[in-house]
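**Student:** Could you slot chain U with the ligands onto chain C? The hints should help.
Letter by letter, the chains look like this.
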Amino acid sequence: MRLSDLGRGDRGVVRGIDTHGHADAAELGHEELERRLLEIGFVEGAHFQVLQEGLIGRDPMALKLDDMRVALRRREAGAILVDVTAEAAAEASP
Amino acid sequence: MSEAARPIRIALVGNPNTGKTSLFNALTGARQKVANYPGVTVERKEGAAVTPAGRPVRILDLPGTYSLRARSPDEVVTRDVVLGRLNGEAAPEILVCVADATNLRLVLRLALELKQVGRPLVLALNMFDIAERQGIRIDLEGLSRALGIPIVTTVAVRKRGLDTLLAQVDALAGQAQGAAAQPLAWREPSATELRQAHRDAERILRDHVKPPLRPDTWTGRMDGLLLHPVAGTIILFAILFLMFQAVFTWATPAMDLIDAGFTALGDLVKETLPEGLLQSFLADGVIAGVGSVLVFLPQILILFFFIIFLEDFGYMARAAFLMDRMMGVAGLHGRAFIPLLSSFACAIPGIMSARVIDNKRDRLTTILVAPLTTCSARIPVYTLVIAAFIPDRTVWGFASLQGLVMFGLYAVGISSALIVAFVIRRLIWRSASDPFLIELPSYKLPDLKNVLRGVLTRGQIFLTRAGTTIFAMMVLIWVLATFPAPPPGAVGPAIDYSFAGMIGHAMLPVLAPIGFSWEMAVALVPGMAAREVAVGALGTVYSIAGENEAGLVATLAAKWSMASALAFLAWYVFAPQCLSTLAVVKRETNGWFWPFVMFAYMTALAYVAAFATFRIAQAVFG
Ligand SMILES: Nc1nc2c(ncn2[C@@H]2O[C@H](COP(=O)(O)OP(=O)(O)OP(=O)(O)O)[C@@H](O)[C@H]2O)c(=O)[nH]1
Ligand SMILES: [Mg+2]
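Heads up: the protein sequence lines correspond to chains C and U, in order. Residue numbers for the first sequence follow our numbering, so the first one is 1 and each next one is one higher. Residue numbers for the second sequence follow our numbering, so the first one is 1 and each next one is one higher.
Check the hints yourself; a few may be wrong.
Stated by the list, open to error - Okay, the calculated bits of chain C under chain U, using three or more residues with CB under 8 Å as the criterion:
| # | region |
| --- | --- |
| 1 | 31-41 |
| 2 | 45-56 |
| 3 | 65-74 |
Claimed, not checked - Listed below are the simulated BS3-like cross-link pairs for lysine-lysine, each with C-alpha atoms no more than 27 Å apart in a straight line:
| # | chain 1 | residue 1 | chain 2 | residue 2 |
| --- | --- | --- | --- | --- |
| 4 | U | Lys444 | U | Lys210 |
| 5 | U | Lys444 | C | Lys64 |
| 6 | U | Lys210 | C | Lys64 |
Source of the hints: derived by calculation from the structure; they are not laboratory data. In this text, a Cβ means the ideal position worked out from N, Cα and C, and glycines have one as well.
Extracted from the complex, chain C is given alone in its bound form:
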């Protein structure tokens, strides 16, 4: 499951980053995109909840990511692998 597949209210845990086939990765390089996502906190085990989505195309997304809030475009969210099983969601709820 990828973060880009989720909608408002969904919660879960970040499981990894997979930049293969990602449009931005072609321009930036896979490692670069991965490092940027890591540096802002999309690291394995991070808890998140989708707070809001934009008006057009439900883009961008606002997330609660551990203790902070971040906004990103759905395109970037496509590189983030997530786990939204019941256990993961329970782990991510406050």
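**Tutor:** Using the frame of chain C, we list chain U with the ligands on its own:
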């Protein structure tokens, strides 16, 4: 210089929006811009302080960053300063990692990265007041031991903890001298190393920081509304609408007062001084010229009150979120919204804040379109023409028609910025834009004192401009409009024979097709120094011609046609009437090419827009 007196250099490094600049201001007494969104500081700033032991220190405030692996130009500044790569400047001797005590996860990883640089490092847990209020329990000693660096707690906005921080500098001074001789040992972490560092930081956090007892639920609830796709968008437009209505309606009483004051002053000068050059210089040049610009002070103050309030509240990043998709359609990066919004104040900080955009083409596009958003220097021009030509009526029962037209002009500005960006990014420079990743800061109730101080600072800047650039231009215009005196026996107004008259008439063939009179042409040239000067120039020119008895608004209403007035407005929406903007573009792009491109495209747009407006308005209004 003796060893003890040589100042130690300290750099403030940290994630964006953690309070580095607030700390810098508190330590050095500086007044650098502070606001509640990431990416406020984009330059290196230096200031001085003295430690409790009497040691002088130089403090460097730097742009915020998540890592030393700089991606955007602002982060490059931070990396280069910390690593001593900035044109021959040695690396700072001590690093202070400034952290938001309520949001430690990412900054702990940065602290681990900074430790590798090999300079003495202090962790300043800033915003400690908020951490205490939320009941976050931080085991300071344990955290310090786990990280292997000293920790101090600070509240930058209340000037708390500054002495402890500086005392820590004293304690590290000896070590700093030893370390300064060592080469710096930083290298880019790989993704694997980043993950490892994250795990280390996570473990340290778990061991020494307990989650808040009273978490901030306010931000979440506010975001439920302000980021809501429908409600949030409506609120964004309502705020902008209210802002421009306020600029127009709230300011009127104060403006009338100032206007009356200058009129009285002008009359006084005319009564007391004998007719002649001195009287004309004071009444027509200084009072009619500078005075007609100063009238707009209340509007400028109101606009800045709104902007600073929203910035401190934490709304800017939300506005960027809501507008991201629209920016995306125009081919702009989501972060471009903050530079564009800052350009409402002035294009210069707007253009500089484009440094937070990593991709070069995204950044250049943002720079090129930033001057199309309506800066505060256009307010006087817009207000003057609107007051003269748009009836002061209330529409829909609550909105002032004049305010509505003003709002419309702002909307035209922002839409044309988006359209030009679209043309550049979708038709000329087609490429994917960079990831949009932005941290949304917690809301903070703005400190009214801070907001007022910010507003007053802007007022001061405006007054200083009026006293220097604008005054100088007025003197110039007065001289040009007064000399040479008409030859004996000349017919018609004296001003027709002056340099200003000659210049205006010389430009007329080019500007007549867009409906400009020679007086308007004269106003454009000095208007390059600062847009407001155009208003002052009109004041002076009509005053010298003896046609400015009832005030500039009445004069324009009588002398200009509706079509010309609208064409003048259209010109000012687009024209690059500001040399300082072009100079900043040159600095930010390292060359004359881009300022030239900007000048050319904006002038062309202005001419076409004014031409079209004039012709259409002529057809409509006759
Ligand atoms: N309550 C509280 N607010 C603070 C404190 N320090 C800073 N702030 C607020 O935090 C916000 C960010 O402050 P800045 O000083 O602009 O942060 P910065 O680290 O320089 O930000 P960038 O330049 O964007 O990296 C502002 O709204 C400040 O008023 C503090 O100690 N306590
Ligand atoms: Mg700053």
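**Student:** Take the C-alpha atoms of U/Lys210 and C/Lys64, compute the straight-line distance between them, and say whether it is at most 27 Å.
**Tutor:** Holds. U/Lys210 to C/Lys64 sits at ~18 Å (cutoff 27 Å).
**Student:** Tell me if chain U covers the region 31-41 of chain C under the three-residue, 8 Å CB rule, please?
**Tutor:** Held - the region 31-41 of chain C has 10 residues with a Cβ nearer than 8 Å to chain U, which meets the minimum of three.
**Student:** Please work out if U/Lys444 and C/Lys64 have their alpha carbons no farther apart than 27 Å.
**Tutor:** Since the Cα atoms of U/Lys444 and C/Lys64 sit roughly 18 Å apart, the hinted pair holds (cutoff 27 Å).
**Student:** Measure nothing beyond the straight line between the CA atoms of U/Lys444 and U/Lys210; if it is 27 Å or shorter, mark the hint as holding.
**Tutor:** holds, 22 Å
**Student:** For the region 65-74 of chain C, do three or more residues have a beta carbon lying closer than 8 Å to a beta carbon of chain U?
**Tutor:** The restraint on the region 65-74 of chain C holds, since 8 of its residues have a Cβ under 8 Å from chain U and three suffice.
**Student:** Do at least three Cβ atoms from the region 45-56 of chain C come closer than 8 Å to Cβ atoms of chain U?
**Tutor:** holds (count 7)
Comparing the model with each earlier hint shows no violations; every hint is respected.
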